[in-house]
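The two chains are supplied separately, each in an independent frame; assemble them into the complex guided by the hints.
Taken in sequence, the protein lines are chains H and D.
Numbering-wise (my numbering), the first sequence opens with residue 1 and increments by one.
Numbering-wise (my numbering), the second sequence opens with residue 1001 and increments by one.
It should be emphasised that the hints constitute simulated quantities derived from the structure, not laboratory data.
Watch out, some of these pointers could steer you wrong.
Stated by the list, open to error - Short derived list, chain H residues pointing at chain D, Cβ under 7 angstroms: (1) Gln21; (2) Lys24; (3) Ser54; (4) Val58; (5) Asp61; (6) Ala65.
Said to hold, decoys possible - Using 16 angstroms as the maximum straight-line C-alpha spacing, the simulated EDC-like pairs for lysine to aspartate or glutamate come out as follows: (7) D/Lys1028 / H/Asp46; (8) D/Lys1025 / D/Glu1066; (9) H/Lys88 / H/Asp31; (10) D/Lys1007 / H/Asp46; (11) D/Lys1007 / H/Asp47.
Ideal Cβ placement from N, Cα and C applies to all residues, glycine included.
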Amino acid sequence: MPNVYKAGKLYTSGTNVVLNQNNKGILVVPDTATTSNDVQVKFMGDDGMTSPGSPAGVLVDGSGATVPYLVPITVHTIVAFPSGGNTKVVELLSTPTSYPVFNTGIVHTPENVKTGVTDNWVPLIGKPNKGVLISNRNAGNTRTRTFVLASTPTGNMPGDSIQISIPPKTVVIFPIQIYSLDTSDLAGSGSTAMVLLH
Amino acid sequence: MAYPSYKAKYTTTVSSQTEVTPVSKNNKGFMIFPTYLPGSSSAEIHLYSHPTGGEIGDSYTIYWSENDPPFGPIHIPFHVHSITNIDTNVAYFVELM
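So that you can see chain D by itself, here it is in the shape it has in the complex (with noise of 0.2 angstroms):
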């Protein structure tokens, strides 16, 4: 069986930003790592079309808070179209291939 285990594409710090376009077209998704600065944060996540994948899909919003615990990353595991709408201090999105 193989390990979950991605290199990474391309890492955007975002700080006043509001979207993050992928390089890749085939990324494998986003891990979004949150800094300890205190504030509750949001972005959402824009997938490929189905089922040809070609065009923008559906989306969804995802959040994240400074009193979630582990503090850890947030991994969104598969294609990804963009991700708009970004509120928050600061925060890493490494994107996956």
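One chain only, chain H, in its complex shape (with noise of 0.2 angstroms):
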């Protein structure tokens, strides 16, 4: 089975341009007339980190040639491309499937908890899940709700609590494991829900 990139973002300019990080590289077209179209590019290193050593980049190539070419490094930032040229630079990306799908879980309508008719987050303290989808359909006014994440390392008991902040008629992925919610947080629960992801 050959290999195949999927195209991310086309980029012809830009300063400071932080890629996609899961990022296979770039391919580059350059530019057959300018000779001055190149592209600076800072590829990425240990932990996420720009690559040490060469504070200002590397300088690639983008001009008065013909044949575009492969860089196969995961770029971490464009940091200055000039525009006026027709350098093109694709970033590549690794299979169609790389973004994560979720089967759908409960979907929890907080209102019952603030009421205190039924409290249908009480089943997902410790239940395994892959996180929570949470709507904001208010017209006005940001949302927080605040989610206690699984113990490290065992996921058996209550660890760190983190708060997110939903701005209006916005819905937010949050792609981690969740222990239970802070139901003392459910301030405008009312135009809001909730969807476990499993």
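Structure follows, in structure tokens:
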């Protein structure tokens, strides 16, 4: 089976542009006419940081040539890419299925928690999941929700907590397993819905 | 099948240096990025000894020029002990991991 990249974003200029950190490199299509349309990049080093040793980055030749070429090194940042030329840089990604796909869990309506009729989130405690989708349909107010993460390394106990802000008319996916919801933090719950992902 | 993709361990900018020693003894090779500056360039690639790999082994010389399309990077996709006798205006040596 041949290697096939999926094309990410196409860049023609920019300064300090951070690429998709899962990129597999770039394809450079040089400008045949100009002689000064080169690209300065920083590659990905250890732990997601830029590669040490050359603070200004690496000059990738993008001018005066005719043949596109592949740079199979993960690019962290396009430091400088002058506008005005025809040089193209195509970000390369791995497979069409690289985006995470979830099965839908139970749809929870926190209004019930708030009124105390039914605590829908009680079964959540300690239950394996892949995170939560939060929708704020309110037109004007940002909502916050505090989640308790599973303890490390066992996941059997409540661990650290994290608070998320959801702007109006926005859907947010929090793709980390959560242990439970802090039910004291449900202001404006009537305008939000949460979907457990697993 | 795995994609041919690397991370960069260390980047060395060569302007007056004549030798590059890899930071990692387990490097996956090098890519050399020439600049558009005119002139022919060369460097001597030293491999590890065969079969033990513990000592410096055979070497060979590579060449590049601003007249060589596509002016692109030169890829050395295997374990490199060191690079010596570098004769170039400016180039970037990117150590792969």
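_Check the structure against each numbered hint from earlier and tell me which ones fail, lowest number first._
Checked against the structure, the hints that fail are numbers 1 and 8, while the rest are satisfied.
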